[in-house]
Amino acid sequence: MPEREREMVMAATMYYLQDLTMETIAKHLRTSRSTVSRLIKRAREEGIVEITLRPDRSRAPGLGQALSAAYGIDAYVVPVPDAAPLEERLDQVAVATGRLVGRWFDSDMVLGLAWGTTLAAVARHLPRKPTRGSEVVQLNGAANTRTSGVSYAGDLIAAFGTAFDAHVHHFPVPAFFDFAETKAAMWRERSVRRVLDVQARADLAVFSVGALTGGVPSHVSAGGYLDPEDVAVLEQEGVVGDVCTVFLRADGTYRDIPLNDRTSGPAPHQLRRIPRRLCAVAGDNKVAGLRAALAAGLVTDLVVDERTAARLVTGSAGSAGSVSRASSASSGPRAPVEPAARGRRAVLQ
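Per UniProt numbering, the very first residue in the sequence shown carries number 1; after that it's consecutive.
Any given hint could turn out to be false.
[Stated by the list, open to error] Below, in silico cross-link-like pairs of lysine-lysine (DSBU-like), each with a Cα-Cα straight-line distance of 35 Å or less:
#, residue 1, residue 2
1, K129, K27
2, K129, K41
3, K41, K27
These are computed hints drawn from the structure, not numbers from a lab.
Whenever a hint applies, use it, and build me the whole structure from the sequences.
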């Protein structure tokens, strides 16, 4: 273990597990109090220390178990007060998602990312975890008639690459093609096929669910990606949300929605080939879209704020068909897990 990392572990152990003051730790390490403070801060930033809080009256554990049992997924419910603004709920979900990605993504792995408002928040809360031989790949294009999408999606993908010292694969194609024939031709190009091949090797996918209205708008609906005519067609088709710019109806179906023929994102049957699929969601307006994603079997792991989880559980009784569909579409139910938070403590890894 490098000397600096050893000092971080020692400082964090004495501070969090032995309840020593920074002054006492400084004497033990023969350094200054300010240096101890920096060591502890860096230990948190690099994921050596994880701090979890569980409010005494939180509904999170029960909600997580209910979601796991209903949908055959591993659910991580983030305790957030019901009165908290949506921006705060999103930020807390992003923090929890960043920690899970840091825990799961490792050397010689491929991470697939779908850009969007939620993933942009996650990118701000990633731990620093150097890896070797790892790759980060963009799952869907971001260009439209207003922008190339490079600065937005490119910066987001690059942030993940920097956090893990991973090689980055951008996907510089439109989010939606004007013609399905154009997409088919592009998909035959070797430069595009190279990125598609990396996507097919992904071990972990991280994405959210896009909502067409309400709350914090999705980047697809707010970023000029949809014409009024497109929105009208989606409404006629009964679309409730999207995953990786692929639109879904309430029952999880997608194949005969015209706009999906022109999208650059992976179809659900392709996304389901990725072994672990982490979905991060915050906001009541995303409940219908999230339920559709679960019905399509797109999610193996879910990070969701407490209020949104409660709405999802409340409506789950009326979605028995969707739950059955999710079970048959996936590779089988996963064992329910307890939420990670169990009292106030620091976890040294």
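*Please write out, lowest number first, the hints stated earlier that are contradicted by the structure.*
none
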